[in-house]
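Engineer: Sequence:
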Amino acid sequence: MIWCVLMLGILLPQSSAHPGFFTSIGQMTDLIHTEKDLVISLKDYIKAEEDKLEQIKQWAEKLDRLTNTATKDPEGFVGHPVNAFKLMKRLNTEWSELENLVLKDMSDGFISNLTIQRQYFPNDEDQVGAAKALIRLQDTYNLDTDTISKGNLPGVKHKSFLTAEDCFELGKVAYTEADYYHTELWMGQALTQLEEGEVSTIDKVSVLDYLSYAVYQQGDLDKALSLTKKLLELDPEHQRANGNLRYFEYIMTKEKDTNKSASDDQSDQKTTPKKKEIAVDYLPERRKYEMLCRGEGIKMTPRRQKKLFCRYHDGNRNPKFILAPAKQEDEWDKPRIIRFHDIISDAEIEIVKDLAKPRLSRATVHDPETGKLTTAQYRVSKSAWLAGYEDPVVSRINMRIQDLTGLDVSTAEELQVANYGVGGQYEPHFDFARKDEPDAFQELGTGNRIATWLFYMSDVSAGGATVFPEVGASVWPKKGTAVFWYNLFASGEGDYSTRHAACPVLVGNKWVSNKWLHERGQEFRRPCTLSELE
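Read in order, the letters of the sequence shown are residues -17 to -1, 1 to 517 in mature numbering (1 follows the signal peptide of the UniProt record, and there is no 0).
No wet-lab data here; the hints were simulated from the structure.
Among the hints, a few may not be true.
Keeping only pairs whose Cα atoms sit at most 30 Å apart, straight-line, the calculated DSBU-like set for lysine-lysine is [claimed, not checked]:
1. Lys55 <-> Lys40
2. Lys19 <-> Lys340
3. Lys271 <-> Lys289
4. Lys187 <-> Lys213
5. Lys142 <-> Lys336
6. Lys19 <-> Lys30
7. Lys187 <-> Lys19
8. Lys40 <-> Lys30
9. Lys69 <-> Lys55
10. Lys40 <-> Lys26
11. Lys69 <-> Lys45
12. Lys237 <-> Lys213
13. Lys30 <-> Lys45
14. Lys40 <-> Lys87
15. Lys461 <-> Lys310
16. Lys155 <-> Lys133
17. Lys35 <-> Lys19
18. Lys69 <-> Lys40
19. Lys290 <-> Lys317
20. Lys310 <-> Lys290
21. Lys271 <-> Lys317
22. Lys461 <-> Lys142
23. Lys289 <-> Lys317
24. Lys303 <-> Lys282
25. Lys336 <-> Lys310
26. Lys303 <-> Lys462
27. Lys140 <-> Lys290
28. Lys282 <-> Lys271
29. Lys289 <-> Lys462
30. Lys289 <-> Lys310
31. Lys212 <-> Lys239
The calculated label-pair distances, taken between Cβ atoms and stated as ranges, are [as the list claims (entries may be wrong)]:
32. Val22 <-> Val85: 20 to 28 Å
33. Ala445 <-> Lys317: 23 to 31 Å
34. Lys317 <-> Arg417: 13 to 21 Å
35. Thr17 <-> His296: 42 to 50 Å
36. Ala53 <-> Asn106: 56 to 64 Å
37. Lys340 <-> Val22: 22 to 30 Å
38. Glu279 <-> Gln425: 34 to 42 Å
39. Ser474 <-> Gly134: 49 to 57 Å
No residue lacks a Cβ here, since even glycine has one placed at the ideal position from N, Cα and C.
Starting from the given sequences, assemble the full structure and let the hints guide the process.
Structural biologist: Here it is as structure tokens:
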């Protein structure tokens, strides 16, 4: 039973808070193999126990037959010298051997393996992070709890269902964040599944306990009272529910008295908490960002679309691309976003991923105050950095970027490889440093980030688009392609229309690698202009 504390005059379920955490697809696939290994070990243990029981069963059956015969004529049975000898031997030796067999622990191998593998198990932070990812996907892609619970997601290969207990756990995660909107949704889903007859380790009382409080916190006192009464029908002695019932009835009586004496223009006022929608940080940009993630963004006018072309690009007569030019496609006009098709091979992608996998760690962002790298809740992915000298493939990729963009990569940052698993995202941000962040790249000494080159190293079953909320552009992942845009105007001023985001991966996983090119070394490759916005 949940312990209770007093808050705002009402008894509420207590739960501890956990920070969010993220596990990459690479790590999760390793966990799949770990779990498979444990299952094999568990089956070996079961087989050993079955063999042991079979030996004991055979012994018991043999002795059952023997003792049945012996007890019919005990004196005649032991009168036979062989029977007498064997009786002494059984009781003195063989029963001791049987005792040792019964006491033999067959679980040593399994427990040893489990202990070794446990160090690689996810912890509470990982589990909470996965729950938050599901809730994030629910909001971004406008998914209802029933759709998620039944596994009806686009592009899924392996359909999976959420049990009532799973829904209950998601509701508890939302509760620990004081997110009563999602607490209500997931506790409601758990209750629905229980009422449909699902057999579960949780009961309706526990679900209604959380649900009634979450509903109250959102200002629906009538529903909170109804749910509390429903709880008490199942458990009349529930201490917290009885306290809450009295409190709700007191508040409602007080409201009625207040409304009776108040004037008509004040009759609708209530003392209960204000009805909430989704999180308070749900700003217009976020709404636009999520619409773009769902493919509901601004559609470019036909007149603008006519100005977008596909072409062959030889890198300004670069010898490497004269006979085999790169395939270019205009994705957007302002800012100009160009996609290069078939620009990185599957073999190169696998080498880059293999180099990055052992180093994947929580992705970081530049702290504008310190200029140093730090983790942030708005960037949820795993990343690694690869230098050109580490492998010829990385060096070749760097030179390819230089040849096609005409920009010097010697002052660029190392190739960053990122893996976004389910729910992985990078909320709207700028790649370049603004004027109020003069020290953002001071340690590098190469100036601001003039341009971004982004390789897509995997297809994504659903979600995972790169979106530009300021202009309404959505660029969808396609394996083997890359997109390129300038973050700065030729004058050196930042192009604020390049603010972009990596949408959460709904189904599948997303591998990308990016190169941030800097101002230093581009003086003659991209000369400055006198106009600020050119």
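Engineer: Hinted pair, alpha-carbon criterion (30 Å max): Lys69, Lys55. Please report holds or violated.
Structural biologist: holds, 18 Å
Engineer: Take a quick look at whether Lys303 and Lys462 sit within 30 Å of each other, Cα to Cα.
Structural biologist: holds, 22 Å
Engineer: Sort out whether Lys340 lies within 30 Å of Lys19, counting only the CA atoms.
Structural biologist: holds, 21 Å
Engineer: Taking 30 Å as the top limit, are the C-alpha atoms of Lys30 and Lys45 close enough?
Structural biologist: Between Lys30 and Lys45 the Cα gap is close to 22 Å, so the pair holds against 30 Å.
Engineer: Verify the proposed pairing of Lys271 with Lys317, using a straight-line Cα cut of 30 Å.
Structural biologist: Holds. Lys271 to Lys317 sits at ~18 Å (cutoff 30 Å).
Engineer: For the pair we were handed, Lys282 and Lys271, check the Cα-Cα distance against 30 Å.
Structural biologist: holds, 13 Å
Engineer: Is it true that the C-beta distance of Lys317 to Arg417 lies inside 13 to 21 Å, as the hint says?
Structural biologist: holds, 20 Å
Engineer: So if I understand the rule, the pair passes when the alpha-carbon distance is 30 Å or less; does Lys461 with Lys142 pass?
Structural biologist: Since the Cα atoms of Lys461 and Lys142 sit roughly 24 Å apart, the hinted pair holds (cutoff 30 Å).
Engineer: For the range 49 to 57 Å, tell me whether the beta carbons of Ser474 and Gly134 fit it or not.
Structural biologist: Check passed, 51 Å falls within 49 to 57 Å.
Engineer: Tell me if the straight-line CA distance from Lys310 to Lys290 falls inside 30 Å.
Structural biologist: The hint holds at about 17 Å.
Engineer: Are the Cα atoms of Lys461 and Lys310 separated by 30 Å or less?
Structural biologist: Measuring from Cα to Cα gives roughly 14 Å; hence the hint holds.
Engineer: Okay, Glu279 versus Gln425 on CB: inside 34 to 42 Å?
Structural biologist: The hinted range 34 to 42 Å holds for Glu279 and Gln425, with Cβ atoms some 40 Å apart.
Violated hints for the displayed structure, listed by number in ascending order: 7, 24, 27.
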